[in-house]
Amino acid sequence: MSQVSSVTVISAERHERFFQMLKDLWAYRELFVSFFERDLKVRYKQTALGAVWVVLQPLFLSGAYSIILGKLAGMPTDGLPPVLFYFAANVPWTGFSREITGAAMSVEGNANLVTKIYFPRIIVPAAFVCSSMVDFLVGWTILAIAAISLGYWHWSLVAITPLLMLIQGAIGLGIGAILAALNAQYRDVKNVIGFLVQLMMLATPVFYPISTLAEKVSPHAAALVLTLNPMAVVIVTYRDCLRGLALNWSLIGIALVSSLLVLFVGVWFFRKRETHFADVL
Amino acid sequence: MNSDIVIRVEKLSKRYRYGGPAGLSTSLRSDITDWAKGLLQRGPKRRPTMHEVHEAHLDASPEYFWALKDVDLEARRGDVVGIIGRNGAGKSTLLKILSRITPPTSGRVTYYGRVSSLLEVGTGFHRELTGRENVFLNGSILGMKRSEIARKFDQIVAFAEIEKFIDTPVKFYSSGMYVRLAFAVAAHLESEIMIVDEVLSVGDYAFQQKCLSTMQDVTQKGRTVLFVSHAMETVLNLCKRCVLLVNGVAVTQGKPEEVVEAYMQTTKKGVQIKLAERKDRQGDGRLRFIDTWIEDDKGNRVRAVRTGQTLKIVALYKMREGETLKNLWVAFAIANQRGIKITDLGNVYTGDRFNGNVPRVGRVECVVPELSLNRGTYSYNVSADSAGSGTEDWVLQAGWFEVEGGDFYGTGRIPDTDRLVFMKHRWKLSPA
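These protein sequence lines map, in sequence, to chains G and F.
The letter at position 45 of the first sequence is residue 45 when you use my numbering, and the numbering goes up by one with no holes.
Count along the second sequence starting at 1, add 1000, and that's the number in my numbering.
Don't read these hints as lab results, they were simulated from the structure.
It is possible that some hints are incorrect.
Said to hold, decoys possible - DSBU-like, lysine-lysine: derived pairs with alpha carbons at most 30 Å apart:
#: 1; chain 1: G; residue 1: Lys116; chain 2: F; residue 2: Lys1152
#: 2; chain 1: G; residue 1: Lys116; chain 2: F; residue 2: Lys1240
#: 3; chain 1: F; residue 1: Lys1152; chain 2: F; residue 2: Lys1221
#: 4; chain 1: G; residue 1: Lys272; chain 2: F; residue 2: Lys1011
#: 5; chain 1: F; residue 1: Lys1171; chain 2: G; residue 2: Lys116
#: 6; chain 1: G; residue 1: Lys45; chain 2: F; residue 2: Lys1152
#: 7; chain 1: G; residue 1: Lys116; chain 2: F; residue 2: Lys1145
#: 8; chain 1: F; residue 1: Lys1171; chain 2: G; residue 2: Lys45
#: 9; chain 1: F; residue 1: Lys1145; chain 2: G; residue 2: Lys45
#: 10; chain 1: G; residue 1: Lys41; chain 2: G; residue 2: Lys116
#: 11; chain 1: F; residue 1: Lys1069; chain 2: G; residue 2: Lys272
#: 12; chain 1: F; residue 1: Lys1145; chain 2: F; residue 2: Lys1171
#: 13; chain 1: F; residue 1: Lys1221; chain 2: G; residue 2: Lys116
#: 14; chain 1: F; residue 1: Lys1069; chain 2: G; residue 2: Lys116
#: 15; chain 1: F; residue 1: Lys1011; chain 2: F; residue 2: Lys1255
#: 16; chain 1: G; residue 1: Lys216; chain 2: G; residue 2: Lys116
#: 17; chain 1: G; residue 1: Lys45; chain 2: F; residue 2: Lys1164
#: 18; chain 1: F; residue 1: Lys1221; chain 2: G; residue 2: Lys272
What the hints assert, rightly or not - In silico negatives: residues of chain G with every beta carbon more than 10 Å from chain F:
#: 19; residue: Leu22
#: 20; residue: Trp26
#: 21; residue: Leu49
#: 22; residue: Ser66
#: 23; residue: Ser149
#: 24; residue: Leu150
#: 25; residue: Ser156
#: 26; residue: Thr227
#: 27; residue: Leu245
Where a beta carbon is used, it is the ideal one built from N, C-alpha and C, also for glycine.
All chains should be modelled from the sequences, with the hints used to inform the complete structure.
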């Protein structure tokens, strides 16, 4: 007799249901792993330096910032050595900008898959963001080595990093998913991404300390940046760890909640539009 | 037995907009309002949203059309169901909905069992990755569990015959190796239900045969296959049941022979400029062709015939008042879609003379037994000559017909579609 292992229903309403989305995602969890592996392996194939690139970019940037901002503009660095101060920001920030850009381009980049076979499309940007996290960890290791050798190591850095990575990944995927869904239909988005990431960088204390923003502009501006921009909290927290300060848990809590909210909105928006990807790509 | 139904398609419809989907401004706004309203109301009591009300008006709009309309279909365990139809009949749309690439506008599909779809082989293959890595990637894209791929890995590699190169990036593979590996993965799918595009069986001849025989194996294991096809011979060979789509509607379902027959019939209602009204003709005009068409061997007017069957080209002519002709040479010159002249059919060649007093209004027919043309669209010129006075009437591309694939050799084996003609031939091998 018929032994039915699973029942699949296809209808217009399928995508309206939230639990259906979770079920679909669970059913395709192994594909997520495969995409994750692919993104990781492909990135440094046929590059001579491989994963060294992950470290080189933030390292050079930090050196450049130290010279230009530190020596020329006299930007204070919260009592940290300038290179360490900038490196602590550049490692998460280059990671974050890579996540957003990569996630935003991922649907278009996988158009040959999207038009030929079904899977929950969010897997594509999600796997990309997660594989970028591996790059981030490589950079983080260099940061840790630098902190140890310069005498700024605190164990709290290890404890807080997973939480900060979660915030960074959630907001990266949330915004990336929205951009990816829009880019599937409107290639204009491609031109906006670089500009958008640069703007976001200005609103994030990458090359200035948040304390300087509070002093020179206003304490409100600094508070506003920290409440509205989870990436600002991520960077400030890394620096606080290196300085051995007590962490601001309420800010971290706000950043966590708001980044998860961005993730939720991004994924839901993506889910609503993914049905048409095959028709518009 | 109701429980044996594994695929049920109910009132499946898909509406498209000419020139692509509607702009973001409308859909984004309605998405947001939908979402906000959806927060407040859930379940069947939910009032129709602005978006849904808007949808209801789309039917009246000339901007939208139904690519599929109310398609019903059922397949039982072990069935091989073929879906046929002309280009633009909705086959691809149906295939996309069945494989969940695009959602239906309304209606539903229910699968009872694990389902996988194959629209191409090697989906997701990455040039930079090795054969081994691609087997795992492609396998999980097709819906296989990683443990399942690991278990079948040796079989897959053996099937593809590329053991030595399995750890080489596929960008260094020859195209043959690439396709073999891709197909090997697909051939090891163990889903109960398979949605397959016939495009799969494109490739070299040996590969086509391998695909087809694998499909046959698959169905013998009690699996159900939905097969979208453009080739009549494959449908007749493989399918137990067949569905004919015409303009998005499933007009006929049943035995493949009957449905294929119906398919041939639908082609007779084509658009044609009346031959009698054509001005672009040459000749003295004492005689004029007024109509021409194609018939099958039973005398039905058709637009398409199958390779290996009888093709009958018929032309009606009328003579000008008061004229007589002592003899008549009629020719139909056949060319393919690319304008390559295939052959001339003429009573001058066969020696069938139309002598004496030719009737004033007449019907000329030319019968080609065992049509040896390959699949494609063909046009033909008509011409009439009378001895002594030259061309009476000559019309280029006076008619056209289509040739559908058929089993010309009676063996089920057919050369590639880019070959123009078939020839009956025999082989012999003897010691020498």
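Status of the hints after comparison with the structure:
1. Between Lys116 of chain G and Lys1152 of chain F, the direct Cα distance comes to roughly 24 Å. Compliance with the 30 Å bound is thereby established for this hinted pair.
2. A distance of roughly 26 Å separates the Cα atoms of Lys116 of chain G and Lys1240 of chain F; the hinted pair therefore holds under the 30 Å criterion.
3. Of the supplied pair hints, the one linking Lys1152 of chain F and Lys1221 of chain F holds, its CA atoms being roughly 18 Å apart against a limit of 30 Å.
4. Among the hinted pairs, Lys272 of chain G with Lys1011 of chain F is consistent with the structure: their alpha-carbon atoms are about 23 Å apart, no more than 30 Å.
5. Our distance criterion of 30 Å between C-alpha atoms is met by Lys1171 of chain F and Lys116 of chain G, whose separation comes to about 21 Å.
6. Between Lys45 of chain G and Lys1152 of chain F, the direct Cα distance comes to roughly 27 Å. Compliance with the 30 Å bound is thereby established for this hinted pair.
7. Distance hint between Lys116 of chain G and Lys1145 of chain F is fulfilled; the C-alpha atoms sit about 19 Å from each other, no more than 30 Å.
8. A distance of roughly 12 Å separates the Cα atoms of Lys1171 of chain F and Lys45 of chain G; the hinted pair therefore holds under the 30 Å criterion.
9. Restraint check: the Cα-Cα separation between Lys1145 of chain F and Lys45 of chain G comes to about 26 Å, which is no more than 30 Å; the hinted pair holds.
10. Restraint check for Lys41 of chain G and Lys116 of chain G: the C-alpha separation of about 23 Å stays at or below 30 Å, so the hint holds.
11. Proximity of Lys1069 of chain F to Lys272 of chain G is assessed by CA-CA distance (about 24 Å); at most 30 Å being required, the pair is judged to hold.
12. Restraint check: the Cα-Cα separation between Lys1145 of chain F and Lys1171 of chain F comes to about 25 Å, which is no more than 30 Å; the hinted pair holds.
13. Simply put, Lys1221 of chain F and Lys116 of chain G have alpha-carbon atoms about 26 Å apart, close enough for the 30 Å limit, and the pair holds.
14. Our distance criterion of 30 Å between C-alpha atoms is met by Lys1069 of chain F and Lys116 of chain G, whose separation comes to about 23 Å.
15. A threshold of 30 Å between alpha carbons decides the hint, and for Lys1011 of chain F with Lys1255 of chain F the separation of about 21 Å falls inside it, so the pair holds.
16. With a C-alpha separation of about 55 Å, the suggested pairing of Lys216 of chain G with Lys116 of chain G is violated against the 30 Å cut-off.
17. Annotation: proposed proximity of Lys45 of chain G to Lys1164 of chain F holds, straight-line Cα distance about 21 Å (limit 30 Å).
18. For the hint linking Lys1221 of chain F to Lys272 of chain G, the alpha-carbon distance of about 38 Å lies beyond 30 Å, and the restraint is violated.
19. Under the 10 Å C-beta cut-off, the non-interface status given to Leu22 of chain G relative to chain F holds; the minimum distance is some 16 Å.
20. Residue-level check passed: Trp26 of chain G sits 13 Å from the nearest beta carbon of chain F, beyond 10 Å.
21. Chain F leaves Leu49 of chain G outside its interface by the beta-carbon criterion, the shortest separation being 16 Å against a cut-off of 10 Å.
22. Residue placement check: Ser66 of chain G keeps its beta carbon more than 10 Å from all beta carbons of chain F (closest about 36 Å).
23. A cut-off of 10 Å between C-beta atoms confirms that Ser149 of chain G is not in contact with chain F; the least separation is 36 Å.
24. The Cβ of Leu150 of chain G sits about 38 Å from the closest Cβ of chain F, beyond the 10 Å cut-off, so the non-interface label holds.
25. Under the 10 Å C-beta cut-off, the non-interface status given to Ser156 of chain G relative to chain F holds; the minimum distance is some 37 Å.
26. With a cut of 10 Å on Cβ distances, Thr227 of chain G stays outside the contact zone with chain F, its closest approach being about 24 Å.
27. Against chain F, the non-interface label of Leu245 of chain G holds: every CB pair exceeds 10 Å, the least being about 41 Å.
The structure fails hints 16, 18 (numbered hints given earlier, in ascending order).
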